[in-house]
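S.K.: Residue numbers (our numbering), protein chains in the order written: chain A, 1 to 349; chain B, 1 to 509; chain C, 1 to 313.
FYI, nobody ran anything at the bench for these hints, they're computed from the structure.
Glycine is no exception: its CB is placed at the ideal position from the N, C-alpha and C atoms.
Warning: the hint list may mix true and false statements.
Which residues of chain B face chain A? A partial, calculated answer using Cβ under 7 Å [said to hold, decoys possible]: (1) H278; (2) D343; (3) E358.
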Amino acid sequence: MRFERREQVSPILALVTPLIAVAVALLLAGVLIALAGAPVFEAYGRILTGAFGSRLAATETLARAAPLILTGLAAAVAFRARLWNIGAEGQLYLGAIAAAAASALLFGNLPGLIQIPLLFVIGAVAGMILLLIPLWLRLKFQVDEVVTTLLLNFVALLFVSMLIDTVLKDPMAFGWPQSLPVSPEAELPKIIPRSRLHIGLGVAVVLAFVVYFIQTRTAFGLQSRAAGLNPSGAAFAGVPLGRTLVLVAMMSGGLAGLAGAVEVMGVTSYVTTELSPGYGYSGIVVAMLAGLSPLGVVLAALFTATMFVGADAMSRSMGVPSYIADVTVALSLLSMLVAIFFTQYRIRK
Amino acid sequence: MSETVLDISAVSKRFGPVIANENVSLSLQRGEVIALLGENGAGKTTLMSILFGHYTADSGHVTVMGRLLPPGRPRAAIRAGIGMVHQHFSLAPNLSVLENVMTGTESLWRPWSDKARGRAKLLALSVKFGLKVDPDARLGDLSVGERQRVEILKALYNDAKILVLDEPTAVLTNIEAEQMFATLKDMARQGLSIIFISHKLDEVISTADRVIVLRGGRVVAERRAMETTKAELAGLMVGREVTRPQREAATPGAVVLQARSVTLREGGVERLKAVDFHLRAGEVLGIIGVSGNGQAALARVLGGQAEPSDGQITLFGQDFTGKDVRGVVAAGIGRIPEDRNHDGVISEMTIWENAILERLPDYTRRGLVDRKAGMDFAARIIEKFDVRGGTPSSRIGRLSGGNVQKLILGRNLIAHPKILIAAQPARGLDEGAVAAVHERILEARRAGTAVLLISEDLDEVMALADRIQAIVGGRLSPPVRPEAADARQLGLMMAGEWAMESQEADHAV
Amino acid sequence: MSDIIDILTSAGLWAAVLRIATPLILGTLGALLCERAGVLNLGIEGVMTFGAMIGWFAVWNGADLWTGLLIAALSGMLFGLLHSGLTVTLGLSQHVSGLGVTLFASSFSYYLFRLLVPVEGTPPKIIPFQPIRIPGLADLPFLGEVFTQTAPTWVAIGLALLLAFVLFRTPLGLAIRMTGENPHAAEAQGINPMLVRYGAVIFGSALMAMGGAFLTLSAFDSFIPTMVQGRGWICIALVVFASWRPGRALAGALLFAFFDAFQLRLQNVIGGVVPYQIFLMAPFLLSILALVVMARRTRVPQALMQPYRRGER
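Take the sequences, apply the hints, and build the full model.
M.R.: Printed below as a string of structure tokens:
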């Protein structure tokens, strides 16, 4: 058996690939649900109703999609330029704590219209800084950023944990390690009143379009694509590799940091070490499912959010551990990888 | 008394729609040297890969010493006594010579390796065939010639009776090549049978007993080397009369570029050592040399990819040292990279994107790419330089090598550059494409462009260059005129022996 | 200052070094074996987690400790098979595929754990490996305490020596190294590089899973999600630090464990003044430092992360 590269990838194939991958992942997850002794189709049904069955559920799902879109974009932007940023989780936490600290200690009195954008920027900058360190190590010492970004996730989380234990600890939280809350002015307005759905979702979707525009229309987009596809060819054509990667890292780290700021300003209003259920890592899956396309990220994030919210509801009512959501998301990454392969290769006897 | 050691019979192989080999048959006698002659893409390498089990033939079979060779199994080919010397050596630079040679020669489940025995056998072979090596040297520290010796020894270590060499002289100076062919003839006298793949007519006629010409995947002719001529073989190989263009006499113009003791140090290695040369408008300066002697560094320094550690480059009398790529392109310097698929284009991107990438600032308005202008530019190149196989918006990876090179030439020449730095511009192209590329370069020369031609192909340099300098170990020889030099003298220059020539050269230029 | 000397001269510190080093030794050896054949295995974090879970579960379910360790190793092999299928047969990005394996293996272990083990207030416990008193040695002052370790620690050290022997003294090891340096050359010598890579990744993953199982079967007595805590990533860094040599991997893991054991004790002394998180960060920062120091000095296997396809160069 051998694989042969396809001359051309048909666009239809590229479009249905993620659907096939998700279907395979759900099928495999079905086996695990059956293992737990639950009726499989009913469980699928419960996942759907759990995610969209009521106004509360639907708004919750959409609210969950917001940070996933942002971390998904963070991964997609970086991966397209072959910058392996696996550190979105840490960048998210730094973005969150930076926004919370800035609001609680410095800008709490500013009106929302000024404070909210300001905190977005502060959160993004915090994320950028955390990614620029491993990028610098790569450019200067040729250290693989995969490992350093992974390791920095732990450092960032411990750093946040230290801050909320000490200088940023909320004295009103009965000794719980949680940060000072953002000021009420900084809380994101709701899209639908009395729900968790905040304007962060709108921000994320708009940014997906912005990233799409940057990648397809600007000189920077062309250069970063060239740098990712073939660094030595890009360098020959005069693409400044270092500068391009720095800008890519700033976009990627910024988006992940913003995800943290949005989460703390829109949902929790303070930071704990349980702020993110792995949004940073799920962002990688989202980006891969989307084929690294920024608009696809929105859809892939929606799927992932559906799994998380729906599986939570399903597990409560059917006794299937809620980790089924994580397993399904991980399986869809693996099956997506295989599916991508078969869009590019065909089997010859 | 002849004895057939190898018989390839009616082998065919296709890759999708492409015919690589069709009904190819040949036989090899004991102690015989045959040359497999053909252009790139004629199917020589595919045939040898089938022989060696890298590929499986669609039909036909191979017998070695009268026994059928099971297809698709390198191990079986090795055991049958076939030894392959690859063009890109199959060696690992981080391992020692002995380790490279011994890999796979012992049963994998042996509890330990018998290195003493391996070393003794290697040294014995090394003495028998006069191939000197140090078994404990790290392979990456050896010269290209030495690595080739290791590659040959590796085949002999496996008790090869039939030695197959794929373009063995591609990386050698002509003097090293002569030595290597002397060794091969000696091996044949000792009873080995040898097939070597080549497209160089001289070495084919001087070394082989028999020449088999492949074209378009078929055997088109078979000649005894004594009974044929270069002209006949060239015609058979190409299938039609192709004459490479030849430069006509011209008077060069003013000096446009001057390099004064340019030195390039990278990671503690001196890649260029106090290099001096100048380029005049309307002339071609040929830089010859064996690959890896500083050609790449020279191209990168002039092309704006590396900044000289020392020395100065002036362009029209203005200091030009340390410009970046964009500055170089904007100043009217065209560049043809040595490795066109790796550096010259980004194969997953479209033709128009590849056409404008190096002059992107010219096609950017307020940060946005002007697609329309880019597509127009690409369309003009496609038309004027006869690029076939794609439209501006198709992926460039779908073009053939010759058409990719036409696009690269086009994006440089369409803007009438003042200087063209062409590194190995015709490497790996078929004769027709070579002629086209040479014609374009001469056309640019007539239009007043100063051309720096970096090449390992002596014929190419002799045909195009007005002056020739050799690069060895990062140093440049003084220039000589092609009329005043013969292949032997150029060979000596490429080996670094130019002290005697330098006085003559002073007169010549 | 005298506190520090007290710490350094206590036998407890040095005993802890060997204990802390054991999972790192096993994980690093596993990653090293994969990389020597040319495959980066970022599945390590998840494989260690799964090994910790399944090994513990087997013992909790009545298997003996060695069987638990063996089952963990077998589970690692399955994940190794998955990773090599994706990266060797299909030639997919080793980075992304490895992360996929990690995400899957860790979430799958949590899922199975929740499914198989009833939720209780405190996590259920097993009786782990007990330290072996080596007659004679154990009675020595100081050294006796240091070298009173559980059996898997000795196994890990033995495996490091064995791997060093296999890689550098046997034809098989040469085949593995050649595959990691130049798979085309390996094939030209009649070795099947794909098979070698499969084997290396499968056995390497088994070692990783055993490293994880050490946590639940020897260092501790129950399984807690997230207990691997980035050890896998530290092992990946240690491979670079060790220049892909098993002996140095052993030394590197011990050095690393020394710092870890030392900081744990230092925490008791100055923990009141310095937040404990600073101490917990140390191993990760140390790993990054190790990468920076070694990045330019070592010779990476030339074909690492390059998929091999027959006939394609």
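S.K.: Go through the hint on B/D343 and say holds or violated, using the shortest Cβ distance to chain A against 7 Å.
M.R.: holds, 4 Å
S.K.: How about B/E358: closest beta carbon in chain A under 7 Å, or not?
M.R.: Holds - the Cβ of B/E358 comes within 7 Å of chain A, reaching about 4 Å at its closest.
S.K.: If you take the shortest Cβ to Cβ gap from B/H278 to chain A, is it below 7 Å?
M.R.: violated, 25 Å
Violated hint: 1 only; the structure is consistent with all others.
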